[in-house]
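Take these sequences, add in the hints, and give me the full structure.
Listed in order, the protein sequences are those of chains A and B. Those letters in the first sequence? Residues 23 to 213, per the numbering used here, in order. Those letters in the second sequence? Residues 563 to 664, per the numbering used here, in order.
Hint data in this document are derived by calculation from the structure and do not stem from the laboratory. One should not assume that every hint holds.
[Stated by the list, open to error] Label-pair ranges, simulated between beta-carbon atoms:
(1) A:S82 to B:A659: 23 to 31 Å
(2) B:R571 to A:G211: 40 to 48 Å
(3) B:E579 to A:R148: 27 to 35 Å
(4) A:V194 to B:R571: 32 to 40 Å
(5) A:F40 to B:T567: 42 to 50 Å
(6) A:F40 to B:E579: 46 to 54 Å
(7) B:A627 to A:Q168: 17 to 25 Å
(8) A:G164 to B:A626: 49 to 57 Å
(9) B:S568 to A:L208: 21 to 29 Å
(10) B:N614 to A:I27: 16 to 24 Å
[To be verified] Sample of chain A residues at the chain B side, in silico, Cβ under 7 Å:
(11) M23
(12) R145
(13) Y206
On a predicted model such as this, the values are computed, not experimentally measured, just so you know. Beta carbons are placed, not taken as given, at the ideal position from N, Cα and C, and that holds for glycine.
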Amino acid sequence: MRLGILDHGHGIRAKAVFALIRIFSRHQVVDAVKLALYRPDFYRGGGVTHEAMRGPSEWSVADRELMAAFVSKVNQTEFCILAHSATSAMAYNDGAKVTATLADLETAPVPEPLRATLRMLGRLTRENSLGADDMREVLAAGVSHQQIKDALAVSFAFNVTDRLADAFDFAVNDPAAINAGASYLLSRGYR
Amino acid sequence: MSDITSRHRALVARVLEGHGKASLAVRRSAFDNSGLDEPTSTLVDKVARHANTITDADIAAVRAAGLSEDQIFEIVVCAAIGQANRQYSSALAAFDAATGGT
Numbered sequence: 023m024r025l026g027i028l029d030h031g032h033g034i035r036a037k038a039v040f041a042l043i044r045i046f047s048r049h050q051v052v053d054a055v056k057l058a059l060y061r062p063d064f065y066r067g068g069g070v071t072h073e074a075m076r077g078p079s080e081w082s083v084a085d086r087e088l089m090a091a092f093v094s095k096v097n098q099t100e101f102c103i104l105a106h107s108a109t110s111a112m113a114y115n116d117g118a119k120v121t122a123t124l125a126d127l128e129t130a131p132v133p134e135p136l137r138a139t140l141r142m143l144g145r146l147t148r149e150n151s152l153g154a155d156d157m158r159e160v161l162a163a164g165v166s167h168q169q170i171k172d173a174l175a176v177s178f179a180f181n182v183t184d185r186l187a188d189a190f191d192f193a194v195n196d197p198a199a200i201n202a203g204a205s206y207l208l209s210r211g212y213r
Numbered sequence: 563m564s565d566i567t568s569r570h571r572a573l574v575a576r577v578l579e580g581h582g583k584a585s586l587a588v589r590r591s592a593f594d595n596s597g598l599d600e601p602t603s604t605l606v607d608k609v610a611r612h613a614n615t616i617t618d619a620d621i622a623a624v625r626a627a628g629l630s631e632d633q634i635f636e637i638v639v640c641a642a643i644g645q646a647n648r649q650y651s652s653a654l655a656a657f658d659a660a661t662g663g664t
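What follows is the structure, encoded as structure tokens:
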């Protein structure tokens with residue numbers, strides 16, 4: 023972490039939570055959790071992220087975790103690519119699908135509506151804007167209006183989180199800690 | 563269906579209008595990625611446009627300019643949310659243009 027306050031500036035309650043995490047997970051507290059518990063009165067991204075990732079949607083949890091991983095891939099945010107690839111792979115019970123999607127979206131074994139949606143999120147993340155024609159392409163692939171809005175919510179959440187992970191320099195965890203984090207995100211979400 | 567509208571609005575309002583260590587004007591400028599002096603403007607622009615290129619030196623520069631860690635934290639958060647917000651607004655406008663807003 024580039025700011026000492028994000029490592030050591032938490033209040034007593036957050037520090038107690040960290041101690042419990044270390045005891046029960048047997049892993050160090052990941053930097054995303056340290057950020058989430060630092061001054062939540064100022065920045066509390068978990069509400070938006072939880073609703074986008076775990077709220078009711080025609081997209082599965084696995085699909086939305088894949089969107090998070092894909093957006094993070096475009097942003098080249100290593101911490102989030104690994105965390106959400108692992109979570110998506112666990113949710114699909116299919117790591118090969120996730121790996122193939124991040125390697126080459128156009129040949130990946132995913133349904134066309136999901137492929138078109140990921141393509142649109144990639145463009146938005148790279149170019150910072152979209153036009154009506156971009157949306158018409160996604161609609162023509164059979165994506166519903168609500169699915170588009172739900173995917174844009176995921177994109178918003180992870181275009182915030184990726185920037186914070188890069189700016190604050192989140193440490194990349196070892197595979198065991200990444201998988202423990204993925205299990206936690208599937209059982210408890212982002213709140 | 564999931565709906566982030568109210569949570570999104572509250573998130574933006576908290577960082578722009580809530581209690582903080584950086585001034586409201588600086589937070590707004592960071593959110594907008596506009597009107598900041600160096601070295602803060604460089605850091606904010608990197609957060610907005612290529613955050614994966616930020617280095618320890620970028621943070622050291624704003625610290626050397628007199629900003630506290632909490633002020634840096636707030637400025638970075640505002641810059642990140644601002645850029646994601648511009649993307650999100652653009653996409654929703656494109657959606658409305660393509661669908662008539664339904």
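Status of the given 16 to 24 Å range, CB of I27 (chain A) versus CB of N614 (chain B) | The hinted range 16 to 24 Å holds for N614 (chain B) and I27 (chain A), with Cβ atoms some 22 Å apart.
Could you check the hint for me, namely that V194 (chain A) and R571 (chain B) are 32 to 40 Å apart, CB to CB?
-> Given about 33 Å between the Cβ atoms, the range holds.
Does 42 to 50 Å hold as the CB distance between F40 (chain A) and T567 (chain B), or does it fail?
-> At roughly 33 Å between Cβ atoms, T567 (chain B) and F40 (chain A) fall outside 42 to 50 Å, so the hint is violated.
Minimum beta-carbon distance criterion (7 Å), M23 (chain A) to chain B | violated (10 Å)
Has the hinted range 27 to 35 Å been met by the Cβ atoms of E579 (chain B) and R148 (chain A)?
-> Hint holds: Cβ distance 31 Å, inside 27 to 35 Å.
Hint check for A626 (chain B) and G164 (chain A) - Cβ pair distance inside 49 to 57 Å = Between G164 (chain A) and A626 (chain B), where Cβ atoms are some 54 Å apart, the hint holds.
Taking the beta carbons of F40 (chain A) and E579 (chain B), is their distance inside 46 to 54 Å?
-> violated (30 Å)
Honestly, do S568 (chain B) and L208 (chain A) meet the 21 to 29 Å range at C-beta?
-> holds (25 Å)
Take a look at whether the Cβ-Cβ distance between S82 (chain A) and A659 (chain B) falls inside 23 to 31 Å.
-> Holds - the Cβ-Cβ distance for S82 (chain A) and A659 (chain B), about 29 Å, lies within 23 to 31 Å.
Beta-carbon spacing of R571 (chain B) to G211 (chain A) - inside the hinted bounds 40 to 48 Å or not = violated (21 Å)
Satisfaction of the hinted span 17 to 25 Å by the C-beta atoms belonging to A627 (chain B) and Q168 (chain A) | violated (46 Å)
Let me know if the C-beta of R145 (chain A) comes in closer than 7 Å to any C-beta of chain B, holds or violated.
-> violated (10 Å)
This entry does not satisfy hints 2, 5, 6, 7, 11, 12 and 13, going by the numbered hints stated previously.
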